[in-house]
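*Asks:* Use the sequences and the hints to build the structure in full.
Quick mapping for you: the protein sequence lines, in order, are chains A and B.
Residue 245 in the numbering used here sits at position 72 of the first sequence, with consecutive numbering throughout.
Residue 477 in the numbering used here sits at position 332 of the second sequence, with consecutive numbering throughout.
Bear in mind the hints are in silico, worked out from the structure with no lab data behind them.
C-beta: ideal position from N, C-alpha, C; glycine also.
Mixed in with the good hints, there may be bad ones.
[Claimed, not checked] Here are the in silico distance ranges between beta carbons for each label pair:
#1 A/F567 to B/Q170: 27 to 33 Å
#2 B/L159 to A/M478: 22 to 28 Å
#3 A/K493 to B/R269: 35 to 41 Å
#4 B/Q312 to A/Q599: 46 to 52 Å
#5 A/Q617 to B/K403: 58 to 64 Å
#6 B/Q312 to A/M478: 23 to 29 Å
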Amino acid sequence: MLISGIPSKIGDCEKLMQYELGQSDDLVFHKFDTVKGGALVVFIDGLVNKDLIDRDVMTPLKSAQFDGNPTLAVKTPFKDICDVKQTVESILSGNVAVFYEGFEKALIAELRGWEQRSVEEPTAETVIRGPKEGFTENIRTNTSLIRRKIKTADLMIENLSMGLHTNTKVNLVYIQGIVNRSVLQELKKRLSAIGSNVDAILETGYIEQYIDENAFSPVSGIGITQKPDNVATSILEGRVAVLCDGTPHALIVPELFMSNIQTAEDYYNRSVYASAMRLLRLFGLFITVMLPGLSVAIITFNQEMLPSVFLTSIISASQKTPMPVSAEIILLTIMFELLREAGTRLPKAVGSAITIVGSLIIGEAAVNAGIVSEPSVIIVALTAVSSFMVPNLFEFALIYRLFYWILGTLMGIIGIAAGFFIMMTQLISVKSFGVPILSSFSKQELKDSVVRFPLRRMVFRPVSIVKDNVRKKTRQFSDKRGSV
Amino acid sequence: MSKRLHALLLVCILTPVLLTGCWNQKEPNNLAILNSIVYDLRDDGQYRVIAEILNPSGPGGQEGGGGKSPNLTAISQAENVRIALAQISQSIESILFGSHNKVRFFTESFMQGDMPAALDFLLRDHLTDETPLMVLIRAQDPVEIYSASLGLSDTVGDYIDKLSKLQAKNMPKAVFITTLDFIKDYLLEGKEPVMGVVELVECEEKSTSEDKTGEQGGKEHGPKLQYEGLAAFREGRFAGYLDGTETRAYNLITGNLKSAYYSIAAGDGVTVLEVDKAKAGITANVDGDEISFDIQLNMNIGVIEEGGTVDVSKDEPLDVIESAFNAMLIKELGAAVEKVQHELKSDIFGFGAVLRMQHPETWKQVKEQWNDTFSVCPVRISVVSDVDRTGEIKEPFLTEDQ
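*Replies:* Here you go:
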């Protein structure tokens, strides 16, 4: 059927729509007669608010006062479209299409309404101080959460449609005037390159993998968050956020390495405490990445580094166990990962029981049975606990932990030193959309990297990201008098 | 990409190959931690090695004792030290791990034997290091030191190690010489090395360990270790001992004295003085063929106790105390120098090194027979002392009125 426009006869309209949309169970074709002529309402059941259709579309059309002009009768904002393809797309994304005898256009009313989760506290990024709200699966809700925090005309929300079959709505959120334009251009270039060339975009994870330039690096240059305040902070520092309909996870580019050990809460707490927490997290990262390898290296190669008393304890513990220290550590690590994975997939209540009780009981039993020694359990437990301090660097920690374990087992402390050199070389070479991810350690950005200076001292945005308007539009405070 | 990959592969492959010295992986449960070791030379020319090894299931270990001894001693003898060590390793079916060794004990007979060869072994073996203390045992049978009663420590190695780390300030009559110190002195031209001395003395007062509840066997009542004095060496062989007082003089002259207490009779009672900040300077004088040395000592002293009625807050009585102290010290130092020059004939003070620095030409002429030349050199000693602390009360507790 080669028809490009909407037919004038209502029966042809129905046939056309049935041909275009197919025979799905949830498709609703409601044909009725008004006082002037026939009308057809097409929508997908479950995606629309039927009460509103009834109130704003059906009732006015069916009323006795209807004068034959549907554009005057329909009581809700609408668009009229002549193109069949656009009409079909609109229906599929949850709009209501109204056809009228002799009108030759489709009236598209936005009366979407479907079941959705309300704004809740995200399970991953919980905070003690600061807003608790998190993104939902609805992109409009998410953009509204951001706009409620940044009420300026400079806040830009650009729309893209991605995925050949999914037609997913993707929004780029940034602040005009602050955003790094080359990053924005690069991002748009990469997004349009995937655009409709991929089958489906179901989550930001798809986008992340398609636009990531460091596919083989354990640390990615793309940040992920579920919290609108994190997005707000990031875009105020010149970054771009990518929201995707259907997922509460937003992407942030460019992402620096140090952002992983920083939290939004750091800016809500006092700077000394926040700095201490950052140092602690950095130490936690060190522990979770290096401890297993380092301890294997010291215990099996460089025993002279341990005090005699400590070494005797280790010897006395490992005399009862059959395996080498290195094997104990890797087995316990694998066991912990098993429990952790099991705990994540299980329902919440059972999950925590599995992780905590499981590891405790199995660890204790393994020690009592003489399969592993206590020091190994302590090392692996400490490693595992520390890994939760920097959840964003989970992949990074896992891969480098294994790397250091191999080096520590084969070459001892020299291997660890060589590994550290390789790791630093790798980290330094990683760039996120043209920004080196370790640029937080440059002189200009030290006020907000490992430590955080008081807010009144932080007058510059990160210079590696922001190119225009580097100085914040904050009034300059003098420390002593409170104002200049 | 392929270039980078190749470079990475090259690094990964070459690093382990180039670091072959690190292929010495040792599982901890195969280790026997050496805590102290005794080198002995028997009359029949056999070398005897006694190793004190920490017992991992002893009090240091995890089981919290359980009646097991904190250490075990393994003894072996063979034609050389290395074989004896190998035999010890074999007898305890573990790898003897020397990096935790705290003390190297030597016997007189060992040190009268071929010491350069022993030092060569200590330095050549890549698993021995330079940190352990070197101590000479002055006892009939060196094994006895392992049955001596100790302070709060479990093992002899820990006991000596803690003395050197915590108590060196309170022990002016002892020297703590690490292997590195010893070797430095040994190689330095114009100075002979010394070594700490440990001997077994019978416990006179048993009241200190009379606490019956804490007793375990007869160890508490055995002889106790006394770490005092020094052993002097001459040309690589043991030369003789200095006793505690002479060792204190040695420490003063070499500038190693951290703190010492002296009691002198000045006025009508005994005054106890504390010496710290002692500075010693040795000057070599060459006059024709005659070489002589001046020892100048500058020290600050404090009054710790005034047993008589001397008012130490006044200048005049202090002068009396100072001159009495100086005279006493000159006598003590003189006696020590005399003994070293004429009896030991070993330049442990480093006079030769001073001469080498101040008069290098003269040194070249005399260095061949230095120990003989040194023993006849006149030595002048001068002491300048200054009482700079007299404590928190001015007048003596016992005044003349009482």
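*Asks:* Hint by hint, say whether it matches the structure.
*Replies:* We went through each hint and held it up to the structure:
no.	hint	verdict
1	A/F567 to B/Q170: 27 to 33 Å	holds (30 Å)
2	B/L159 to A/M478: 22 to 28 Å	holds (25 Å)
3	A/K493 to B/R269: 35 to 41 Å	holds (37 Å)
4	B/Q312 to A/Q599: 46 to 52 Å	holds (50 Å)
5	A/Q617 to B/K403: 58 to 64 Å	violated (50 Å)
6	B/Q312 to A/M478: 23 to 29 Å	holds (26 Å)
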